[in-house]
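These protein sequence lines are chains A and B, in that order. Each residue of the first sequence is one higher than the last, beginning at 4 in the working numbering. Each residue of the second sequence is one higher than the last, beginning at 2 in the working numbering.
For the record, the hints were derived by calculation from the structure and aren't laboratory data. Any given hint could turn out to be false.
As the list claims (entries may be wrong) - DEER-style ranges, computed between Cβ atoms:
1) B/Asp41 / A/Ala196: 39 to 47 angstroms
2) B/Ala136 / A/Ala198: 53 to 61 angstroms
3) A/Arg229 / B/Gly84: 19 to 27 angstroms
4) B/Asn27 / A/Leu306: 33 to 41 angstroms
In this text, a Cβ means the ideal position worked out from N, Cα and C, and glycines have one as well.
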Amino acid sequence: MTALASRIPGLAAWRNRANGDVRLLPQGHLSGPMPWVIAIMIALTIVAAGSGLALRNAARAASADLEGGVTVQIVSAAPAERNRQADAAVAALKGMVGVAAVHRVAQSDLEALVEPWLGTRPGDDIEALPIPALIDVRLSGPAGRDRIAALRARIIPVAPAARVDAQAGWLAPVFAAIGALQWLAGGLIALLALATVASVLLASRNALGNHRETIEIVHMLGGTDRQIARVFQRGMAVDAAAGGMAGLLLGLATIFMLGRQFAPLGSGMMGAAALGWSDWLLLAAIPMLGVALAVLTARLTVLAALRKML
Amino acid sequence: MLRRESTGPAFRLMSKPDAEIVQFDNVGLRYGTGKEVLTDISFTLYPGSFYFLTGASGAGKTSLLKLLYLSQRPSRGLIRMFGTDAITLPRERLPGFRRRIGVVFQDFRLVPHLSAFDNVALPLRVAGVSEREIARPVADMLDWVGLGDRRHARPATLSGGEQQRVAIARAVIARPDMLVADEPTGNVDPEMALKLLRLFESLNRLGTTVVVATHDLHLIRDVPESLIMRLDKGRLADPTGALRYPPRRAASPSPAEATAR
């Protein structure tokens, strides 16, 4: 290190400054509660952020899936009329500009859909039930109100029993709930950051109080506020880094456990909620942001307190 | 020494450049809303001079020294140090001035978690001196004050006299422009007191202005070239040096006198 320091301009001076600073005040790293407080804050922040990101992914995937989706129902009690109107509607939609795909849901699929509620006992005539005929339509863009109105105008003349609905509309309350949960996660992260700042502020003030006499001596010997603040910053950085690492491990373990709990649900939305690599990177960056926040808070707190001393 | 100049919107105290190291003009100090502990203090300290500050307990010696080592701002009056107005000195410039002043506190004020070596090295580290350049002079200084074998000892394990010697070593290690010492020989035996006094004289001969607050008349006798400032109930009772023991010369020599010495 000595040989390296002598070769790199500025490194020797930095090392001397760091060595000198470290000796100004006692170093009580990793002995107080601060690493544990930061570990808990970071773990909770990672869980909140992971949940928020998973909800965002689920909402995005569902939204992309349903964005151009339109469902046409032919609601008619008479099977023959229902079939006729469904065929007519499919024919009308296929020639329409902006319609990417038209797929009539097969009767067997419809029966499979209602089977869990109506049962399949021998002798049941599910076909006799007035289940609407369903046509799944994919538009080349979002299914806005104007386009839904245009579809209705095209279908209703040939299929008066048709009902046309944007698929995204059905899930609007779900999206609203997901949005609220995302805001909740963001709010939790903000509150946790505030709590971290408050904890660091209190710890810094406490440390300043404990070392007040030494700080006065260092001041009298010509020590600058920045020199003293650097010592506190360095101490806080060590505590925050240790706490951040522990918090990261705890948070990631919690997310893995939650993922394993939700995975067996097998829902499409749950699958879409999986975190991508960029999400994992973001979660891994949280401890670093926590360390930066703690160090900055310690620095500003110490400098503000020192400014009140002569 | 001090002259009034009326070229500005108000009278300003002006000094000859570099003629004096410290100027006090009608300085008063009170703590909080209490009565003044120092009143109408006016004197000048010249580079390379040796001053004793005497007075009964409670006369204000320590308060005056606090003003000298910039630990307190006065309640009124004017103070110039090293040619700069110390009253309006911005806070961020204080460290630079303090590094030019060595202080021996009455209660030593050693940093409890640091060894004797690290305490003595503190002014050098604060000033950014490299570790390589620190080791030798600090070790030599500790040897000189007779604590070479106690370099790793913490202050709590040192006797009062040893702590005082560490405090003195810390005050002089950076060879300050001015040394301010509050009862520096109060806890050491006469032999060590004389030795420390010789250290102060050596520094003084190298150009350091020395101000020693003491009750010890023998100490004053041992530095015949010294000047006396005597405080009585917060006032400088003898600004002319007439009460010096033994009376010899004024407390504020002319710059020519100071230079000649």
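Okay, the hints, checked on the actual structure:
1. B/Asp41 / A/Ala196: 39 to 47 angstroms: 56 angstroms, violated
2. B/Ala136 / A/Ala198: 53 to 61 angstroms: 45 angstroms, violated
3. A/Arg229 / B/Gly84: 19 to 27 angstroms: The hint (19 to 27 angstroms, Cβ to Cβ) holds, given that A/Arg229 and B/Gly84 are roughly 26 angstroms apart.
4. B/Asn27 / A/Leu306: 33 to 41 angstroms: Cβ of B/Asn27 to Cβ of A/Leu306: about 35 angstroms, so the range 33 to 41 angstroms holds.
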